[in-house]
Every structure is written in C-alpha cells, then in structure tokens.
Amino acid sequence: MSERAIVLDNVSVDYPGGRTAVRELSVRLNERRIAVIGSNGSGKSTFARTLNGLVTPSTGTVRVHGLDPTRQAKELRRRVGFVFSNPDTQIIMPTVAEDAAFSLRRRGLSRAEIAARVAAALERVGLSDYADSPAHSLSGGEKQLLALCAVLIGEPGLVVADEPTAYLDGVNSRRIAGFLLDQMPQQLVLVTHDLRLAARCDVAVRFDGGRLVDQGEPGPVIARYERDQDLA
Amino acid sequence: MISLYRPGDSVFHRLPAGPKLLVVMALALAVSLAPAEPWLLAGTAVLVSGGYLLAGLGLAEAGRQLWTLRWLVVVMVVSQVFFLPGRTVAANVVRVVAVILLANLVTLTTRTDDLVDAIERALAPLRHLRVNPGRVALMLSMTITTIPVIAGYAAQIREAQRARGVPVAPLAFVVPLLVMALKHADDLADALTARGVD
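For the record, the sequence lines run as chains X and E.
Under numbering that gives the first Met the number 0, the first sequence has 45 at position 46, and the numbering climbs by one with no breaks.
Under numbering that gives the first Met the number 0, the second sequence has 33 at position 34, and the numbering climbs by one with no breaks.
Any given hint might turn out to be false.
[Claimed, not checked] Which stretches of chain X does chain E cover? Using the computed rule of at least three CB atoms under 8 Å from a CB of chain E, they are:
(1) 71-78
(2) 84-90
(3) 100-111
(4) 127-138
Because the hints were derived from the structure by calculation, they are not lab data.
For each residue, glycine too, the CB sits at the ideal point set by N, CA and C.
Looking at chain X on its own, in the form it has when it is part of the complex (with noise of 0.2 Å):
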C-alpha cells in the first residue's frame, strides 16, 4: 500500500500576487479512488497540480509514490498522468495516433513497439477508427477519450484528473467516469463538482478557502458539504 501513497507535509503554495491558494496543508492518501471536492478557488486544483509537479509548494513537502515532485519530476512525471477539463488544450500532435505516441518519445522503444501500444490503447478507449484523423476533427468526449488514452499508454501509476467531465454532455461524462472510475487498474485523484463522481470514490477529502476541512468516507464528507451549502 505505501507504494501508492500520496503523502503532503505542511504544503503552502503562494501564487505571485500574494494570493495562498494551498494553506499549510498535511495529508496522507493512499485509497485507489481519491475525489477532492470543494467550491470555485478553493484550493482543490492546486492540489491537483503540486501532484505532479505543474506547481511547485512555497513550503512544505509532496512525496507521492516516494517520489519528489520537484526534484524528481521527469521520473514523476511518467509514474503519474494528469488530465485536464479542456480536452482541446491537451492535444499536442496534428492526428490522434500521432498524440498518443507523442506521450512514449524518449522512452527508447522502437517504432514497431509503439505502433503496437498506440494501437491497442486506442482500441481500449474505442478510437481505433479515428488514428488518422486529425485530432481536433473529434467531438469534445472523443478528444477526453484521446487525452486519456495519451496518459494511460505511458502505463502510469496514478492519474491525477481535474474536472475531467467539466466540459462534456452527459453521455460522454459517463464514459469518461466509467473508464476512470471502474476500467482503469491505476490509483486515480479526481478532481470534480459532479457529487455522484465523488460519492463512487473510496475517500472523498474536501477543501474550503486552501485549507482541507474535511476527509473520509465519500458518502459523509458529501452530505456535510451539501448541508453546509445550503446554509450558506
């Protein structure tokens, strides 16, 4: 289990500007299925970031999988996947075979090997028609599925998604969900303001103005965050 822990040591992340948006921070997780939950600018996608390294804490330290996310970020950076909400800004190459390549370069595999991985992680997310099509010709849950699948074929230990189903309709949402939450063998932090995603996590942790105010059982943490809107 410590393997796949994700441990934060009183991390304090300051933006420029003097905003804190990550405040004196400790936590420990280890579940497979991680949902971080919490109002607009509350910290969460801060957290989500130092993961893997795209932020870097003002103090503190982050050790996930055992590994520095600022010293050791390119080893880190192949142990642990990020998907981002906007599925247009993820895509890197022209067509969709091509994108999910890019995620294996420097990686000393022959061509013939990552022919064959591009292929059979395409098949697995159900885009094996479209390897040559050019990747912005996809709909908004095909590009998702594309963005998953470029982060998955560098067989990564965690994925880190932030609000990936913030853009998507409802069927998309699902598949994407689904495919996150009960296909992927990997430990997964998901980001979302989609409670049902949540209430499918096996830990739910909360945050409210960059402070963690609440962790544990998806179902309790919810309910107390629901009733605390209401109040406000």
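Mind docking chain E on chain X? Use the hints.
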C-alpha cells in the same frame, strides 16, 4: 490550407519523407525558374496532375486544393494584370499554384511525424549552432495542431459578436483572439509539462 495526411499505399506514400521532400523541393525550384513558355506551363500542369493521380488522390482532390487557393489567384491576377504582359501573369500564377499543390502533395501522402522526423534529421547539423532540432520539429508539429484551434477561436468570436449584434470591428476581433490564443498557449504549456517535455 493545411491539408492533412490521407492514408494510402501509392508509390508516393511509400517513398520515405526525406527523399520525397528533396524531390518536391527540386521540382518546385524547377517550376519557379522555368521560362514563361506556354508548353512549359502546360507541362507543369500535367506534372502536378500526374502527381495527384500517382498518389491515388485523383484530380478531384487537386481541384479541391485549387478551389481553396481561389482568392490567392484573384489577388495575384488583380495586382499584376495592369503592369505585366498577360503571359507573365499566367506564368506567375501557374508557378505559385503548382508549388503549393506540390507541397500539399507531400503533406497529403506523408504522416506528420515522418515529415517532422525528416526535418529533424535535416536540421541535425545545426546542433553545432546550438539549435536543438528536436525542439524545432516539435514546434512545427504543434503549429500544425494549433492552426485549426485558433481558427476555431476566430469562428467563436465572430459568432459571439454576431449574437450580440456588434458590427464587425477589427480591434474587437483581434484583441479577444489574441487573449484566447495566449490562454491556449498557457494551457498547452501545462499539457506539455505534464506529458514530460521540459
């Protein structure tokens, strides 16, 4: 304008990207330098059409490409027709169109990553000048990816302006487009970092 790869199995598809680029560059140079003789212009048209047929794309594809170039042709003709003899104008138009169609023939029959690999290899000697060929190649690929995205933003802004009944003002179009493009660049940089490019 950016025509993407069409899968196929023609001689053109199988030709490695490097030699293909060199052949097309040589042809483009020849077309550009050829004298403005009518038979040479006809020969150029035949060469380009032959290329499209050989690649299994058909003349319809060449026609489609030609149609996307219509405004370029109009601009070229209008700007030259009063100052130059008709034959020279025709020769100039045919040259430019032929070179663009040849270049598109390469992109239509070559996977972008093969093309980018070939460019990366060609740039390798520049390493001594501290140019990183890998980065140049990545930048090229990302440019190709980003053009349709920015075009999409432009369409969104036009729609938003139309929806509010704002008359089309250049500044009110350029500023939001620039903002959206910069935001996109930021997000793309995060995506690159997340996928292990530093």
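Now the hints, each set against the structure:
| no. | hint | in the structure |
| --- | --- | --- |
| 1 | 71-78 | holds (count 4) |
| 2 | 84-90 | holds (count 5) |
| 3 | 100-111 | holds (count 4) |
| 4 | 127-138 | holds (count 4) |
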